[in-house]
Structures are given as C-alpha cells and as structure tokens.
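Student: These are the residues of each chain, in order.
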Amino acid sequence: MRGGFRYAARRLGFAIPTTAAVVTISFALIHLAPGDPAVALAGDGGDAEYYAVTRARFGLDRPLLAQYVSYVGRLLRGDLGTSYLQGRPVRSLIAERIPATLLLTGSALVISTIVGALVAVYAASRRGRLGDVTVNTISVLLFATPAFWIGQIAILWFALRFGLFPVQGMTDAREVRTGLAAFLDVAHHLVLPVTILAAQEVASVARLLRSGLIDELESAHIIMARSKGLRERQVLFRHALKRPMLPVFAVIGGRLGQLLSGTVIVEILFGWPGVGRLLLSAMQNRDIPIVLGVFLMISLTVVAANLLIDLLSMWLDPRIGQTRLKR
Amino acid sequence: MTGTVSKVGSVIEPSIPLGREPRAMMRLLKKPTGVVGLLGCAVALGVGIGAPYVSPYKAFAIVAPPLSPPNSTFRMGSDALGHDLFSQVLHGARSSLMVLGIVATLVLLIGTTVGLLAGSARRWIDDLLMRVTEIVQIVPRFFLALVVSSIFGAGLTRLALLLGFTSWPTLARIVRAETQSLIERDFVLAARASGATRLRVLRREILPNVVPTTFAYLGLVVAQALLIEAGIGFLGLGDPNTVSWGQLAGDAQRYLRVAWWLPVFPGACIALTVLSLNLLADAVADIVIRRT
Chain A
1 MRGGFRYAAR RLGFAIPTTA AVVTISFALI HLAPGDPAVA LAGDGGDAEY
51 YAVTRARFGL DRPLLAQYVS YVGRLLRGDL GTSYLQGRPV RSLIAERIPA
101 TLLLTGSALV ISTIVGALVA VYAASRRGRL GDVTVNTISV LLFATPAFWI
151 GQIAILWFAL RFGLFPVQGM TDAREVRTGL AAFLDVAHHL VLPVTILAAQ
201 EVASVARLLR SGLIDELESA HIIMARSKGL RERQVLFRHA LKRPMLPVFA
251 VIGGRLGQLL SGTVIVEILF GWPGVGRLLL SAMQNRDIPI VLGVFLMISL
301 TVVAANLLID LLSMWLDPRI GQTRLKR
Chain B
1 MTGTVSKVGS VIEPSIPLGR EPRAMMRLLK KPTGVVGLLG CAVALGVGIG
51 APYVSPYKAF AIVAPPLSPP NSTFRMGSDA LGHDLFSQVL HGARSSLMVL
101 GIVATLVLLI GTTVGLLAGS ARRWIDDLLM RVTEIVQIVP RFFLALVVSS
151 IFGAGLTRLA LLLGFTSWPT LARIVRAETQ SLIERDFVLA ARASGATRLR
201 VLRREILPNV VPTTFAYLGL VVAQALLIEA GIGFLGLGDP NTVSWGQLAG
251 DAQRYLRVAW WLPVFPGACI ALTVLSLNLL ADAVADIVIR RT
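Residue numbers (this note's numbering), protein chains in the order written: chain A, 1 to 327; chain B, 1 to 292.
No lab work stands behind these hints: they were computed from the structure.
Here the structure is a predicted model, which means the values were calculated and not measured.
So the derived label-pair ranges between C-beta atoms look like this:
| hint | chain 1 | residue 1 | chain 2 | residue 2 | range |
| --- | --- | --- | --- | --- | --- |
| 1 | B | Arg27 | A | Gly78 | 56 to 66 Å |
| 2 | B | Trp124 | A | Val72 | 24 to 34 Å |
| 3 | A | Arg226 | B | Leu189 | 41 to 51 Å |
| 4 | B | Arg200 | A | Lys228 | 58 to 68 Å |
| 5 | A | Pro17 | B | Ile49 | 37 to 47 Å |
| 6 | B | Pro69 | A | Asp47 | 46 to 56 Å |
| 7 | A | Leu85 | B | Val35 | 52 to 62 Å |
| 8 | A | Gly271 | B | Ala80 | 19 to 29 Å |
| 9 | B | Ala61 | A | Val251 | 44 to 54 Å |
| 10 | A | Gly78 | B | Pro69 | 49 to 59 Å |
Beta carbons: idealized from backbone N, C-alpha and C, even for Gly.
Could you build all of it, start to finish, from the sequences and the hints given here?
Tutor: Structure below.
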C-alpha cells in the first residue's frame, strides 16, 4: 500500500500546480487584456473616480507580484470579484445558477454512463454483426456532429414539427406548478437537452467500453463463468462488465470538461437558466469578472474531479499505484 | 532520410517494417473509410481554396429576398438579410481550412518536439515535460477559448492560434511513447554506436518512424479543434469579418421557426468535414499502427 500512498501524494502534488496554472492564466488574462485592467474589471461605463476606486480596490497601481499575491488571497477567501453590470458578487451570481446546470450535466453524466454501458454490452455481444456495426456507425456519426446541430435538428423535429417537447426554458412560464406537477414539468423540459447532451457521451462511453468488453469476453474467468452454466445476461453484466468499467470511470474528469462545454451550448439552445447562459450574457456585455469566475470555477471543478477519480480508481484497483511507480 | 533508416533497419531487424510505407496511398484507397475520408477532405480543401471563384455571389452580398427557401437560384435559400446561404457556406469553408491549417501546424511542431524530447531525455526532463503536458491537457480548451475571445475580442487567427497552442498534449504523449520504444531498437543503437549525435539520432532515426503515427492522430486532434471553433462561432463570438459555419448556425438560431434551411446546411458541412477527418485519420491509423 506504500506505493499507493506515494501515488496518491503524487496526484495531489499534481493538482496543486494545475490549480496554480489555472489561477495564473486568469490573472494573466486580466493584465494582458487590451487597454486598462481597471476597465476590464469595472466595465467601460464608469467615470474617472469609479476607476480610481477600482484601481485602489484591486491594487492596480502596486507591483504586479503584489497584485498577484492579493489576487490569490481573494480567491482563497472565495472572492471572485463583483459583476459591474449587476453590482453583485460573482460568487453568488454563479451559485444561484449552479442547480440548473448541475441538474442538466449530472443527469447527462449518469444517463450516458448507464446507456453507454448497455449499448456497449449489446455491441460487444453481437461483435461484427449488424447490431454492432450499427452502433459503431452511429457513434462515429455522433462524434463528428457538433452538439448544437443535433440540438437544432431535434428542435426542428421534436419540438416545432411534432410539438412533443417544449422549445425553451426549464419550466412552463404560463402557470406556476407545485409538487409533482412541477417535477413533471421540469422533467418534460429536461428530456431534449439531456438527450442531446448525453448523446455524444453515450457514443464515447460505448466505444471505450466495447473494446474493453471484447477483450474481457475472451478471458479465462468469463469462459469459466460460461462453463459453470451461468446465463448470458449474468455473464455479461455481473462478470464481464466490471473490469472494463474502470477506464470509463477513469476518464470521467475529461468527460466532465467535455460535458460542461456541451452544457453551455445546450443551455443556449434551449434557454436553460444555468451557468452557460450566465456566461454567454456576461461575454456579450464584456462583464469580465463573471467570465473569469465561470472559467475558474469550471477549470477547478475539472481538476478536482480528476483528482477525485484518480484517488477513487486507486481504491477500486489497488494495482494502479503500484504499476505507475515502476514505470 | 528514410533511406538510411530503412537500410539500417532492414539489415538488423528485417521483420519490423520501418520507414515510410511505399504504397501507403494505395492501401488507403483500398479502404472504404479511407476513400470517403480522403474525398471529403479533398472537397473541403477544394471548396475552401476555390470559394471566391466558384461561389455565385460574394459572402456578404445582399442578393436574395430575405428568408427565401432553397430554390433553383439560391440553392440553400437565403437569410434574413438576403445573403445567399450557398455562397456563405462556400466561403465558410475558408475559415475552417484556416483553423485546420494553423492548428495542424502548431500541434505537429509542438507535439512532436515535446514528445521526442520527453521520450529521449533524462528522467527529470521527461517528468517536467509530462507535467506541463498534463496541465495543458486538463485546462478546458472550450472555456479558455471563450474567455480569450471575450476579453481580447473575436478573431479567427487568434482563436486558431489558441487552439493550436493547447491541442498538442495528445500528440506529445503518443510521440513520447513511440520514441521510448524506438530508442531501444537495434537500428538506433547501431546509429549511436556509429557515432551519431543525440540530435541526429532523433532527427534521422526516430522522427521518420514517428511521423506516420502522428498523422493518424493529427486528424482526430484537428477535428476536435474544428468542433470547438464551430461552437465558439455558434455562440456568436466568432470573427465578425469572416464567415464561418459555426457563426451561420448561431445566426440561424433566431429563425428556427421560420427557416429550417438556415441551421441545416452549415451544421451539415461541419459534420461532414469532421467526419471526413475522423474517417481519414482512422484509415491512416489502421495502416500505420499495427493493431493486434
């Protein structure tokens, strides 16, 4: 287990410079931006006095290093700055958008993992036959298609042509619902965005899992399980799926980054009131503190997810710490 | 360049085919995915280069009645301002091509250099380079691109450069792994024994053997970059002075209810180009990487 501890320490040691890099990038962006950083931080609508206050507040007249230190200090206290358009702390602006985004991204992550696993089992058990080829073709097509295009086509067909799903928003604005009705309303609004967000993820999970499964199905313990007379379903789900699932969890960090990018697009497409919409309106208004706040939050989420998954997969598969050290 | 490698390699280790595949092109054309991929990429390249000559109108010329559906004159219909969508789509290929060119060049240069260095240098240099690679890989590129376009303003070249400077890690890792396995081979030992310097070994023995693999992965990396560029354009943060497929799709969003052709064609072009790149990369990979 010593190797495991050392591996854990290594991963932890890696998360720190990565975090530092992300913070440094966002600090550098403020100062590399064309024009006065005070304008970048406080918007271009202010008067001279306002900029003077901003300069003093962010210490923009002090040496760069001192500014960096105080920037990091503010971030450590959870201060992401103030939106100059809304005059409110960026942290709370982002925080109130998180539930909607979490609902969308979280559902997509869970659904894509489950559906992806089912699809992979289906394809791997029909290796080389029509079902497998179809799954392969669809996932190749999905990989190549931009999320917004799938979304636009889906809106054209399912929402506008057949009127099956609402086009916009998270709730029906025409009437206020409570209890189960409210839940069903949100679920109804959630179907299209989540499907579109999950589609590409299903493809990548299925692809990753399928090749692992095919290898696994030829291994000795599967032959053993089969010769014990277990039913094929049990062989596939209870015995074969376990090990190939590990890499699927191992890439969750990367998938999260991918999913969150997709979330922004899908939120814009469907008018979903999450972080992505906040980000877009902030970008259109050049509300830099919000833009950087969202960037920091998302990057750090991805870093944290990667770290968590590294540690978790070490716990699930004790060999990980050992082999990496040997190299 | 390859001559030396093949000669040395074939003398010592005849079982391992080295150097450039002499009939790689023929083998590529024997695969359906290779043919489709190559054809798609060729069409995109041709349209991108030839757009000003073959397009019926200029990209920003107002020539059509607003929001007219596809017909014999305006083959893909027109937008709310009366631009001919077909001409715009043709011109949009140029933006994709530019992104493709810049990203591919930067990724090849940086990825190969970092990979070769990390794969052949001392342990601590390798560790350092891999740390940097991991950090670059972990930063979400789409969001970085969004932030940079909103702070520095929209610009196609800037976006392409940014994507190029952040998309190389995958390639670097692959080149590193290849280098590590090649450097132990007999033909490299032979070269070193005959007094070749480190740089010469890297350049003349390792590099030519790494190149085919890099090309296989380059297609995938560039395709991803194209999708990110399209996403940025879709969000309306693309360069206002150029036409791009992503932007066209984004502009279409407001007219979804009245003009189905506006979202359908630009998105299809992106999908087809990315698909061609993926298929081509896949076919190349099948040829150069011996899958067991």
